[in-house]
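Q: Sequence:
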Amino acid sequence: QTQYKILESRTLARRVIESLKLKNHPEFSIEQPGFFRSLGSDLWNFLSGLPGSLSSSKKDSDKEPLKTDLSNRRDLTKERLEMAPETARDTLLVNRFLGKLKIEPIRNSRLVKIHFDSNDRELSPRVANELAAAYIQQNLDYRFSATEQAKDWLTAQIDQLKAKVERADEALQAFGSKHDILSLEEKENITMQRLADLNEALAKAEADRMAKEALYRQTFNRKIDSLPMVFENKLILELKQTYVQLESQYMKLSQTYKSDYPEMVRLKKQMDSIQRQIDAETERVIAGIRNDYEAALRRESLVRAAFAEQKARAMEMKDKAIQYNILKREADTNRELYKDLLQRMKQASVTMSLTASNIKIVDRAEVPTTPHKPNKTLNFLLSVVVGLFLGVGLAFFLEYLDNTVKTPEEVETVLRLPSFGLVPEIASEKRRGETSLSYPVELITHGHPKSMLAEAYRNIRTSVLLSFSEHPPKTLLFSSANPGEGKTTTAINTAIALAQTGAPVLVIDADLRKPRLHRLFVTENGVGLSSYLSGNASLESVVSRSEVPNLCFIPAGPLPPNPSELLGSNLCKTMIESLKERFAHILLDSPPILGFADTVILSNLVDGVVLVAEAGKTPRETLQHARDILLQVNAKILGVVINRVALDRSDYGYYYYRYYYYYGSDGKKKKRKKELTFETSEEQSSPDAGE
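Quick note: the sequence shown uses the working numbering, first residue 527, plus one each step.
A few of these clues could be false.
The calculated label-pair distances, taken between Cβ atoms and stated as ranges, are [stated by the list, open to error]:
| hint | residue 1 | residue 2 | range |
| --- | --- | --- | --- |
| 1 | Leu624 | Asp667 | 55 to 65 Å |
| 2 | Ile532 | Phe701 | 49 to 59 Å |
| 3 | Leu741 | Arg839 | 30 to 40 Å |
| 4 | Arg1071 | Glu1103 | 20 to 30 Å |
| 5 | Arg839 | Leu863 | 46 to 56 Å |
| 6 | Lys531 | Leu907 | 26 to 36 Å |
| 7 | Arg693 | Thr613 | 25 to 35 Å |
Straight-line Cα separation of at most 25 Å, DMTMM-like style, residue types lysine to aspartate or glutamate; simulated pairs [to be verified]:
| hint | residue 1 | residue 2 |
| --- | --- | --- |
| 8 | Lys547 | Asp646 |
| 9 | Lys1106 | Glu1073 |
| 10 | Lys766 | Asp805 |
| 11 | Lys1143 | Glu935 |
| 12 | Lys738 | Glu826 |
| 13 | Lys760 | Glu809 |
| 14 | Lys549 | Glu656 |
| 15 | Lys628 | Asp667 |
| 16 | Lys760 | Glu739 |
| 17 | Lys549 | Glu648 |
| 18 | Lys730 | Asp818 |
| 19 | Lys677 | Asp858 |
| 20 | Lys837 | Glu732 |
| 21 | Lys1162 | Glu1107 |
Just so you know, the hints here were simulated from the structure itself, not pulled from any lab data. Note that beta-carbon positions come from the ideal geometry of N, C-alpha and C, so glycine has one too.
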């Protein structure tokens, strides 16, 4: 990086400017007007020459001052530069030069490219080649100057270091003579060996003293006879044997005679004499033990004192050795530095005689055949890439702002609930032209079983049946967070899909606030669920058959003033248990979860709850809130159905498109699509459409 910066240095630029006389070149002329100034001047000259213009219609006396003023304004910069000192002019030239220069290192090499932009195709290679030549010459100048400076510095350092070497040698010799150090290493070895011998002798003396001290301390006890030196003493042993014999005779006679019997008195005197001899010999042994201990103690003290004296002598020798080594090391270091500087001095002398450079020109710059600016292809590609990145970034930003549920993956990731599938949007199916049948979308699974919608509801049926590992659920509750998300349509079509398996299925309109089931099956709403729960009708009278085989339904009935109380009554729970014996599956269509307590009450009366969310409309936070409400009452949420998915904008559209592409309404493969029309009621176009 240093060499690259040198190539771009102002000093080198001044060399090239001076060498090529670029001050006189039009491209570097300080009088050269800028683009806008030249354009304004040309425009003024053009307007001034037009007949009838303002300038030509004025009098000569008025025109001359105007031209003079404008000319003064155009030449203002020129006059300032001409009046500026030489340094300012040079700075302007160097800045222009460096603005056109570009140094480009070649990766994984020690090569570099020199680029110089100029409108003059002949000038560009001249400047590049001259810059390289000037750089090589400058490098040689720097090397020669640096070598010369180094030689001067080395000469001064050698003189100083020579004096230091002499002083260090004199100090080392004086220290050795003063402390009688002829061979420091030999003397230090003798001292340390003597210290080691004394240390070993001290250890032995300590061990001997400790052993004799332990024996001496045993004499303080009353059991002196247990001492080895006592019970192993021959004299004491003989005396004790004699004492035992006399004692035996004394004991034998004591059985016959009294203690004043002459023989008894004689034996007693002999025994006392023997005992005194034993005590005297014992005292002599104890005195010997004490004398041995005291001698060992004195010997230990003498050895310890000798060791301490030798240790002090060794420490003193060590201090002298340290000082001696410091002086010797300083002398050796100065001597080595002196030799090194002499060697470098010789190298500097040789280097000054050499003028070769390790820098050379590999390829000289040649006159270009085509201009390299502007690069239209590169600019176009950059524009395309930047536009692409901006478009992708905008798409991701818009996706980030959208907090609605759109895919099954979001349901499983955000809500941590299983996804029961998705239902296509009606508008998407109309654009695809799926069928020519006219049928309510709420009954599409029955009216057009081969449609994509019917297939979607059959997928939901499969997910429902497999939601329990042991047995399929018998009672299901369909609900949504908000109104208008398609829970009613999903509940009815799922019921039709279950009925198509041959199992008896019942649909109950549990939405006692805004019922719709009676409209779809075209029946009166005079009698229904509310009638039975309020005691105004029997269970048999409220159950009706639909046009779909195996499918029955219970309408909501008249709107009651207290829906929550009716749905939470014991009669409602008993009704569901009774209907389980007649139907394989019972599906309840309930009001939205948010704002009403009906769904929360019913959620504990069924085997599971299926949530319905509209793609691109239901916020994730709203669906999470609905889920939390159900979980607070320990309701079992089986899964989530994503309704009204726009297949044209969804990754799942390909699957449904392929499905109907191969299978039509008659179950045969098709090569084209048909028109699809749906009969939609007035409610479907309202905000609650598809509920």
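Q: May I ask you to test the hint 30 to 40 Å on the CB atoms belonging to leucine 741 and arginine 839?
A: About 35 Å separates the Cβ atoms of leucine 741 and arginine 839, which means 30 to 40 Å holds.
Q: Tell me if the beta carbons of arginine 693 and threonine 613 are separated by a distance inside 25 to 35 Å.
A: violated (52 Å)
Q: Lysine 837 and glutamate 732 were given as a pair; does the straight-line alpha-carbon distance stay at or below 25 Å?
A: Roughly 17 Å separates the two Cα atoms, so the pair holds.
Q: Within 25 Å, alpha carbon to alpha carbon, are lysine 760 and glutamate 739?
A: holds (24 Å)
Q: Is the Cα-Cα distance between lysine 628 and aspartate 667 25 Å or less?
A: holds (24 Å)
Q: Between the beta carbons of leucine 624 and aspartate 667, is the distance compatible with 55 to 65 Å?
A: Given a distance of about 21 Å, which is not inside 55 to 65 Å, the answer is violated.
Q: I want to verify a distance hint. Is the separation of the beta carbons of isoleucine 532 and phenylalanine 701 within 49 to 59 Å?
A: Cβ of isoleucine 532 to Cβ of phenylalanine 701: about 52 Å, so the range 49 to 59 Å holds.
Q: Assess, step by step, whether the Cα of lysine 738 is no farther than 25 Å from the Cα of glutamate 826, and give holds or violated.
A: holds (12 Å)
Q: Is lysine 677 within 25 Å of aspartate 858, Cα to Cα?
A: holds (24 Å)
Q: Checking one constraint from the list: CA of lysine 730 to CA of aspartate 818, max 25 Å. Satisfied?
A: At roughly 15 Å apart (the allowed maximum being 25 Å), aspartate 818 and lysine 730 satisfy the hint.
Q: Is 20 to 30 Å right for how far apart the beta carbons of arginine 1071 and glutamate 1103 are?
A: With Cβ atoms ~22 Å apart, the hint holds.
Q: Please verify whether lysine 549 and glutamate 648 have alpha carbons no more than 25 Å apart.
A: Roughly 16 Å between the alpha carbons, so the hint for lysine 549 and glutamate 648 holds.
Consistency note: the structure conflicts with the earlier hints numbered 1, 5 and 7.
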